[in-house]
Amino acid sequence: MSEAGHRYIEHTADLALEVWGANEPIMLAEACRAVIEVLTEAAPLAGTHEHPISLDAIDRGDRLVRLLNEVLYLALVNGFLTIDAKLALHDGGLSGKLVGEAHAADKIRTEIKAATYHDLQVTQTPTRMTARVVLDV
Amino acid sequence: MPIDLQKHDDQCWVIPREGRMRVPGRIYASESMIADLRNDKSLQQVQNVAQLPGIVRCSIAMPDIHWGYGFPIGGVAAFDEHEGVISPGGVGYDINCGVRLLRTNVDVEDVRPRLEAVSLALHRAIPAGLGSRSHIRLGKGELDAVLREGARWAIERGFGQDDDLAHIEEHGCMPGADPKLVSEKAKERGRPQLGSLGSGNHFCELGYVAEIFDEQAARMFGLALGEVTLMLHSGSRGLGHQICDEALRDMLRTSERYGIELSDRQLCAAPLSSPEAAQYFAAMACAVNFAFANRQMMTGFVREAFSQFFGSTSEQLGLRLVYDVCHNIAKWETHDIEGRRHRVCVHRKGATRAFGPHHPDVPADYRDIGQPVIVPGDMGRYSFVLRGTERAMQETFGSSCHGAGRRLSRAAAKKQARGRAIFQELQAKGVFVQSDSKLTVAEEMPEAYKDVAEVVDVMDAAGIAKKVAKLVPMAVIKG
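Residue numbers (this note's numbering), protein chains in the order written: chain A, 1 to 137; chain B, 1 to 479.
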């Protein structure tokens, strides 16, 4: 089994994403990559820039949704496209840095309004953490 | 466990109250639509909404119901002002996504031979597409004025005429907007987008009146057989998305604080009497006004493009606003419920207000026949204009359907479109599509949607909204 991965699940109006990783920070970094993959239709991106990130959350699910919405905001407003995340978790929230390509708004091919809380699932097994999140596209 | 769905009559089905439901569910649909819905999560979503505190009478779904997030798309729910809640998920991300219809006195046959040229002129006039940006640069402090004033702001800057306001829901300005409660992030996201269409299912459509069902109502709305129409579908762009996202984040905590049990976190809510609810309402109203101003500016662009193309003034072309309706909104309204006047907060998520005759909020010139309800279909077939009824006031808090509803997911549509020339297929049917994105057009191809005629037939037969006219598209501008 690879350390992290993701797949898309059909949803009539929107797009659901299942994402997994060996632990939560790896799963979260994978989720960022997956959302940007949707946004850019898998355009090749360089990890040449970093962007600091820090946010509060009430639990794991909230942490995932808030992180993805921050990643989307940075992409849509600043053209910063995340391909990796180095994150430390604390008291529900997280801090660290996002790694990606800056000033790359021209690589965005599709719109995602937001990551939603609908049908949000985060499950931990002995070997990995898996999450499911619905995107409003 | 299968949902207990009971037939009330040929157009209406009921989910009886059970478990944590506070009121029953009520779904408007035909027999064949119900067969599809039985395997869909949207019925569960109708039940979930019925569990929210202070919900009044029933949790309603329109015939274009489909699986949303939190509320079903096509959902309507009203909440008591004292015991009820407001839910950002019940409004959605694209706050005041809506549609407006313009009529003209231009004959379809004058346009048909020049369709490609006129569609190009419209495409040039309206910024469209992903992250599309306006022609207009807002000065410092101007965005706050937009958020407070809505369509009036745009009209005062030359993007319309004073009499447009009477033909916009809320007169184009939702009261109670407070720009101080909108984050800098939301403003930053929205500022460059005012006066742009966006992408996805948003569009500008040139069509014509192909059939009239109600002569008197059509005449009053200014719709005549064979005359050209223009429809605009767009919302509050990134500003609304950001306001909704931030409100959901805050209301997760608020729901916990007030002990509101949630079967879906996207339904998080605040008691209507709480400061948190007032705060959300004031921010939401800003997004509502942004969307009204957005559609008003694009109306200005369309009028200018048409005037230049035909070498006539907008007045000579009879380019008049029929009506502008909101699809995603929460509003304070007063309704008759069990024999008494009741102030409620009505959430419409993918649903349209459809007030009946004599209601004071219906424009004076339409008051004898009811409010126009504009129901766009897909870009290859047709759209409808309906009118609101007294029955809607009695059964649905004066609400009706808002569109066709998707049949295929976006991914499935793209898959079906592979190897096909969708632009050419539509052109062969007489519809010119102008878009910079082949993928958007694939996602939005006609087969991706249900037949809107079936949807409006349910509303018409149920007496909720009556058919007035059918519009057929000739040119569509997509983002």
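I should point out that these hints are in silico values taken from the structure, not numbers from a laboratory. On a predicted model such as this, the values are computed, not experimentally measured, just so you know. Note that CB positions come from ideal geometry on N, CA and C, so glycine has one too. Be aware that a few hints might be false.
Computed Cβ-Cβ distance ranges for the label pairs, DEER-style [as the list claims (entries may be wrong)]:
hint	chain 1	residue 1	chain 2	residue 2	range
1	A	TYR8	B	ARG22	44 to 50 Å
2	A	ARG7	B	ALA428	33 to 39 Å
3	A	PRO52	B	PRO360	33 to 39 Å
4	B	SER273	A	HIS51	39 to 45 Å
Rough simulated footprint, nothing fancy, chain A against chain B, three-plus residues with beta-carbon under 8 Å [what the hints assert, rightly or not]:
hint	region
5	148-156
6	224-235
7	246-255
8	262-273
Going down the list of hints, with the structure as the test:
1. The hinted range of 44 to 50 Å is not satisfied by TYR8/A and ARG22/B, whose Cβ atoms lie roughly 36 Å apart.
2. At roughly 37 Å, the beta-carbon separation of ARG7/A and ALA428/B lies within the given 33 to 39 Å, and the hint holds.
3. For the pair PRO52/A and PRO360/B, the supplied restraint of 33 to 39 Å is violated, since their beta-carbon distance comes to about 53 Å.
4. SER273/B and HIS51/A have their C-beta atoms about 40 Å apart, which keeps the hinted 39 to 45 Å range intact.
5. Closer than 8 Å: that is the beta-carbon criterion, and the region 148-156 of chain B has 0 residues meeting it against chain A, so the requirement of 3 is violated.
6. With 0 residues carrying a beta carbon less than 8 Å from a beta carbon of chain A, the region 224-235 of chain B misses the three-residue requirement, and the given coverage is violated.
7. As drawn, the region 246-255 of chain B meets chain A at 4 residues by the rule of a beta-carbon pair under 8 Å; at three or more, the given contact holds.
8. With 4 residues having a Cβ less than 8 Å from any Cβ of chain A, the region 262-273 of chain B passes the three-residue criterion, so the hint holds.
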